[in-house]
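Chemist: Sequences are here, hints too, so could you generate the full structure?
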Amino acid sequence: MADLRVQRPEQAFEPYDPTLGHGPWGVRQVAHLLSRAVGGAKPGQVDTLLHAGPFKSLDFVFQPDQEVLEAAWMGIGEPLAAAQDREKLAAWWLMKLVQDDRVTGSRLALFWHNHFATAWSKVKNGEMMFRQHVLFLEKGAGLFADLLHGIVRDPAMLRFLDNDSNRRGLPNENLARELFELFSLGVGHYTEHDIREAARALTGRTVRKGVYEFVALHHDSKAKTVFGQEIHDGDDLVQLLLSQSACPRFLIQKFWRFYVAEEIQPAWLDYLAEKWRENALDVTWLLRTLLGSRIFHDARMVGALVKSPVDFVIGTMRALGGRPDPRMLEQASARMGQALLEPPGVQGWKGGDAWIHTASWLERTKFAADVAAGKHEYLRKSPLDQLFPPSRRSSAATALEDLLRALLPVGLLPSRQRSLLATLESIQVSTPDQRFQKMAYAILCLPEYHMS
Amino acid sequence: MNPSRREFLRLSALAGAGLYLCPRALTASRNTSKDRRLVLLFLEGGNDGLNTVVPYADDLYHRARPKLGLDKSALIPLENDLGLHPQLQAWQSLWEEGQLAILQNVGYPEPNLSHFISRDIWHSGWRHTANPETGWVGRAFARIKESSLPPIALGSAEAPLLLKDAVSSGFTLIALSDLQLESPPHLPVDTAATGSLARMHAAADNAYQTAAYLRSAAEGVPAGTGYPDSSLADRLRLAARFVRAENGPPVCWMRFGGFDTHAMQDGTHRALLQQLADASAAFLRDLARDGSHEKVLLLIYSEFGRRVAENGSAGTDHGAAAPMFALGGGVRGGLHGTAPNLSQLVDGNLSMQLDFRAVFSEALRDWLGWPTKNLFDDSFAAGSAGLGFLS
Numbered sequence: 001m002a003d004l005r006v007q008r009p010e011q012a013f014e015p016y017d018p019t020l021g022h023g024p025w026g027v028r029q030v031a032h033l034l035s036r037a038v039g040g041a042k043p044g045q046v047d048t049l050l051h052a053g054p055f056k057s058l059d060f061v062f063q064p065d066q067e068v069l070e071a072a073w074m075g076i077g078e079p080l081a082a083a084q085d086r087e088k089l090a091a092w093w094l095m096k097l098v099q100d101d102r103v104t105g106s107r108l109a110l111f112w113h114n115h116f117a118t119a120w121s122k123v124k125n126g127e128m129m130f131r132q133h134v135l136f137l138e139k140g141a142g143l144f145a146d147l148l149h150g151i152v153r154d155p156a157m158l159r160f161l162d163n164d165s166n167r168r169g170l171p172n173e174n175l176a177r178e179l180f181e182l183f184s185l186g187v188g189h190y191t192e193h194d195i196r197e198a199a200r201a202l203t204g205r206t207v208r209k210g211v212y213e214f215v216a217l218h219h220d221s222k223a224k225t226v227f228g229q230e231i232h233d234g235d236d237l238v239q240l241l242l243s244q245s246a247c248p249r250f251l252i253q254k255f256w257r258f259y260v261a262e263e264i265q266p267a268w269l270d271y272l273a274e275k276w277r278e279n280a281l282d283v284t285w286l287l288r289t290l291l292g293s294r295i296f297h298d299a300r301m302v303g304a305l306v307k308s309p310v311d312f313v314i315g316t317m318r319a320l321g322g323r324p325d326p327r328m329l330e331q332a333s334a335r336m337g338q339a340l341l342e343p344p345g346v347q348g349w350k351g352g353d354a355w356i357h358t359a360s361w362l363e364r365t366k367f368a369a370d371v372a373a374g375k376h377e378y379l380r381k382s383p384l385d386q387l388f389p390p391s392r393r394s395s396a397a398t399a400l401e402d403l404l405r406a407l408l409p410v411g412l413l414p415s416r417q418r419s420l421l422a423t424l425e426s427i428q429v430s431t432p433d434q435r436f437q438k439m440a441y442a443i444l445c446l447p448e449y450h451m452s
Numbered sequence: 001m002n003p004s005r006r007e008f009l010r011l012s013a014l015a016g017a018g019l020y021l022c023p024r025a026l027t028a029s030r031n032t033s034k035d036r037r038l039v040l041l042f043l044e045g046g047n048d049g050l051n052t053v054v055p056y057a058d059d060l061y062h063r064a065r066p067k068l069g070l071d072k073s074a075l076i077p078l079e080n081d082l083g084l085h086p087q088l089q090a091w092q093s094l095w096e097e098g099q100l101a102i103l104q105n106v107g108y109p110e111p112n113l114s115h116f117i118s119r120d121i122w123h124s125g126w127r128h129t130a131n132p133e134t135g136w137v138g139r140a141f142a143r144i145k146e147s148s149l150p151p152i153a154l155g156s157a158e159a160p161l162l163l164k165d166a167v168s169s170g171f172t173l174i175a176l177s178d179l180q181l182e183s184p185p186h187l188p189v190d191t192a193a194t195g196s197l198a199r200m201h202a203a204a205d206n207a208y209q210t211a212a213y214l215r216s217a218a219e220g221v222p223a224g225t226g227y228p229d230s231s232l233a234d235r236l237r238l239a240a241r242f243v244r245a246e247n248g249p250p251v252c253w254m255r256f257g258g259f260d261t262h263a264m265q266d267g268t269h270r271a272l273l274q275q276l277a278d279a280s281a282a283f284l285r286d287l288a289r290d291g292s293h294e295k296v297l298l299l300i301y302s303e304f305g306r307r308v309a310e311n312g313s314a315g316t317d318h319g320a321a322a323p324m325f326a327l328g329g330g331v332r333g334g335l336h337g338t339a340p341n342l343s344q345l346v347d348g349n350l351s352m353q354l355d356f357r358a359v360f361s362e363a364l365r366d367w368l369g370w371p372t373k374n375l376f377d378d379s380f381a382a383g384s385a386g387l388g389f390l391s
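Going down the list, the sequences are from chains R and D. This note's numbering puts the last residue of the first sequence at 452; the count rises by one with no breaks. This note's numbering puts the last residue of the second sequence at 391; the count rises by one with no breaks.
Hints were generated in silico from the structure; no laboratory data involved. Quick caveat, the model's predicted, so the values are computed rather than measured. Do not take every clue at face value.
Computed spacing ranges between beta-carbons, pair by pair [unchecked claim]:
| hint | chain 1 | residue 1 | chain 2 | residue 2 | range |
| --- | --- | --- | --- | --- | --- |
| 1 | R | Leu50 | D | Thr191 | 54 to 64 Å |
| 2 | D | Asn374 | R | Gly352 | 26 to 36 Å |
| 3 | D | Glu246 | R | Ser419 | 36 to 46 Å |
| 4 | R | Val215 | D | Gly69 | 24 to 34 Å |
| 5 | R | Arg277 | D | Arg63 | 46 to 56 Å |
| 6 | D | Ser351 | R | Gln229 | 45 to 55 Å |
| 7 | R | Thr431 | D | Pro371 | 35 to 45 Å |
| 8 | R | Val215 | D | Ser73 | 30 to 40 Å |
| 9 | R | Val215 | D | Glu133 | 37 to 47 Å |
| 10 | D | Gly195 | R | Leu69 | 35 to 45 Å |
| 11 | D | Arg332 | R | Ser243 | 26 to 36 Å |
| 12 | D | Thr129 | R | Ser221 | 54 to 64 Å |
| 13 | R | Glu425 | D | Thr225 | 47 to 57 Å |
| 14 | D | Ala288 | R | Ser419 | 49 to 59 Å |
Result set (DMTMM-like, lysine to aspartate or glutamate): computed pairs, CA atoms no more than 20 Å apart in a straight line [stated by the list, open to error]:
| hint | chain 1 | residue 1 | chain 2 | residue 2 |
| --- | --- | --- | --- | --- |
| 15 | R | Lys438 | D | Glu182 |
| 16 | R | Lys350 | D | Glu133 |
| 17 | R | Lys350 | D | Glu44 |
| 18 | R | Lys88 | R | Glu342 |
Sample of chain R residues with no beta-carbon within 12 Å of chain D, all distances over it, derived [claimed, not checked]:
| hint | residue |
| --- | --- |
| 19 | Glu87 |
| 20 | Tyr271 |
| 21 | Glu448 |
From the three backbone atoms N, C-alpha and C, an ideal C-beta is built for every residue, glycine too.
Modeler: As structure tokens, this is what we get:
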């Protein structure tokens, strides 16, 4: 229920606690948390977290990485990058997302990849793209300042936005403009003059032999004026951007759209921006606050976000326990409009309603049909039998119940579920397995399934 | 939704239920402006207009562009001391035949130099609306009283704002083969859904129904021939098929990216312009085989031009006004509007002489016969005289 008491920010962002009467801790709440935090529930996870309660569930999704496992993953990814194979590296990332149960790491890297969007086809260097990915893994959950300083020294970014040829005399504005507009403040918080001065401050930051280098000879060392203040180099510029009140506000709105809902209310934004500043713009603090808050579990937030192609693809694999051909996953996501490491431009993927259109819908339907038919090892026989015991597949009602619990644990309106069952019962099938296929296809094509 | 659109959707629902409807069945309810089509081609990133239509005789041009400036000898001569970039060779014969109109210095007041804001201004047609939610093609189509396939975006993995109206995101299509899908078990649309979920329902419903129509519209129309091998050419070949199809979509949109040439511009820009000219010329030549070039207007635009002075990376930063191009059998070929004035720059950028909305208004009103009253915001007042780039 939309609870009007949680309108006030102090209440909205206090920890969600069923013992204080904030609401239940049921399948719906667990499913909502898993969907937003890690891309969806794996078999058995809903039950586990149901028993764990809200606080331990939060600890579960914020667990630190397992170093041995992480090292093994990196050992697979690095050679793919060195072989200059974008598709395989993107497939590697997707498989890691299917596997991981953590908010940070690979999943948070998705957010940063969309924020600091950098395209493989222009950088043309797998090692540099991989190093940027590692920057997101290592600094993505820490202080935003460290990440922002890191990105204006990141070889892939410097090359992508042409700063590798930004020299004194005739500066190149590309990185400077996006640093203001897309990376820290958002439109409307700077002037064209600020951009031209900032471009001068960034002169000399270049890439040599694949690594960052500052070339003093190419740096314009004269004073620059940004926001009426005198600065000298890129570090001064980043510090100045971080100190602007627009900076936490801009970032929080982006996090909100990724983790909570499309629009944040102004009072909530004011409150969060102030608290986040007090907490040194620590990203983990912000994410724990958002995902553990009362407002996160408000009925208005559940099912309010459109799943990206990546979330649709990995969420389906997580739910069904498939061992798919990674390349097929990558191609499916790319055809739906999200080729990882190849965003359409520096603004990243627009997301939200922009994912909803007929071409992407037809691609989603095609993937759903392939999954339901068990193509490309999207499904594996043995885990499926555990998930959906053959004995329960003979009845449409029980089979539907099992399938919905696995694929759409957040639930479907009772009227929609009845109507779905009636539709499915009317379809002629010759075997229970065929019924199961039709059902899986129908569920994966429900508009509700494409919301998170 | 207007009554005729509901009618169309009801007809499509029948098609979805297996009653094959010949596209001719729609002909009776059509009330078209001579079955004309509009194809919109967006050069994404900000095309360098000055190196596309080059004022080669202007000293200021060569002074601003010591590395990137193009010499007269290399250019394709037009008139008034202007020349086309050498890689636009394929346009020369179109120019000579009067099938190429160049609209000079197009833009909008108080140019915004952000790609994304500027693109949204071009696509919403609104100068001062933050985060616009509808596009001028979407709004214009929602007003017309005829049944027809909706405007369609080709080859795009994102729905352009341009085609959006209050309820629909328009139709997007990547490849014809995507239309060959077996629909999932049909469940009624949840009419109580709101927001994004309602859009998702509409997209799903619309997808199966329109797919069936598009498939039947394209069936029986042969794929065009004589196209070069490029993704842009593939999109235009698909557009040609829909142009030829009876009752095809009235508007096709596509993007062609890569024009954000901040560094080492010369080679990139050459390659892009070559692809552009070769693919678009092939499109018109293909259509001309059966006279279909007479029913198509191809408009080419970009979100802005580039800075007059080159930067230190042998590239150019974001700028303002730039030329638009109109191609097809129905244009009045030649130069329209005034040539760029390099002696009166604003912050180093060319100032606009012609509002892009005047061009689009004329295309909708005089080419498609669609009403354009109050389609754009108050910052633009359409002149009734027209620009005269259509014959």
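Chemist: Now, for every hint given, state plainly whether the structure supports it.
Modeler: A quick look at each hint next to the structure:
1. R:Leu50 - D:Thr191: 54 to 64 Å: 33 Å, violated
2. D:Asn374 - R:Gly352: 26 to 36 Å: Roughly 28 Å apart at Cβ, these two residues keep to the hinted range, so it holds.
3. D:Glu246 - R:Ser419: 36 to 46 Å: Holds, since Glu246 (chain D) and Ser419 (chain R) (Cβ atoms, about 37 Å apart) stay within the stated range.
4. R:Val215 - D:Gly69: 24 to 34 Å: Because 27 Å falls inside the window, the suggested range holds.
5. R:Arg277 - D:Arg63: 46 to 56 Å: 48 Å, holds
6. D:Ser351 - R:Gln229: 45 to 55 Å: Violated: the Cβ-Cβ distance is about 31 Å, outside 45 to 55 Å.
7. R:Thr431 - D:Pro371: 35 to 45 Å: For Thr431 (chain R) and Pro371 (chain D) the Cβ distance comes to about 56 Å; the hint is violated.
8. R:Val215 - D:Ser73: 30 to 40 Å: 37 Å, holds
9. R:Val215 - D:Glu133: 37 to 47 Å: This hint holds: roughly 45 Å between Cβ atoms.
10. D:Gly195 - R:Leu69: 35 to 45 Å: 39 Å, holds
11. D:Arg332 - R:Ser243: 26 to 36 Å: 56 Å, violated
12. D:Thr129 - R:Ser221: 54 to 64 Å: 42 Å, violated
13. R:Glu425 - D:Thr225: 47 to 57 Å: For Glu425 (chain R) and Thr225 (chain D) the Cβ distance comes to about 50 Å; the hint holds.
14. D:Ala288 - R:Ser419: 49 to 59 Å: 52 Å, holds
15. R:Lys438 - D:Glu182: Status holds; Cα separation ~12 Å.
16. R:Lys350 - D:Glu133: 13 Å, holds
17. R:Lys350 - D:Glu44: Holds, at roughly 15 Å.
18. R:Lys88 - R:Glu342: 13 Å, holds
19. Glu87: 16 Å, holds
20. Tyr271: 23 Å, holds
21. Glu448: 7 Å, violated
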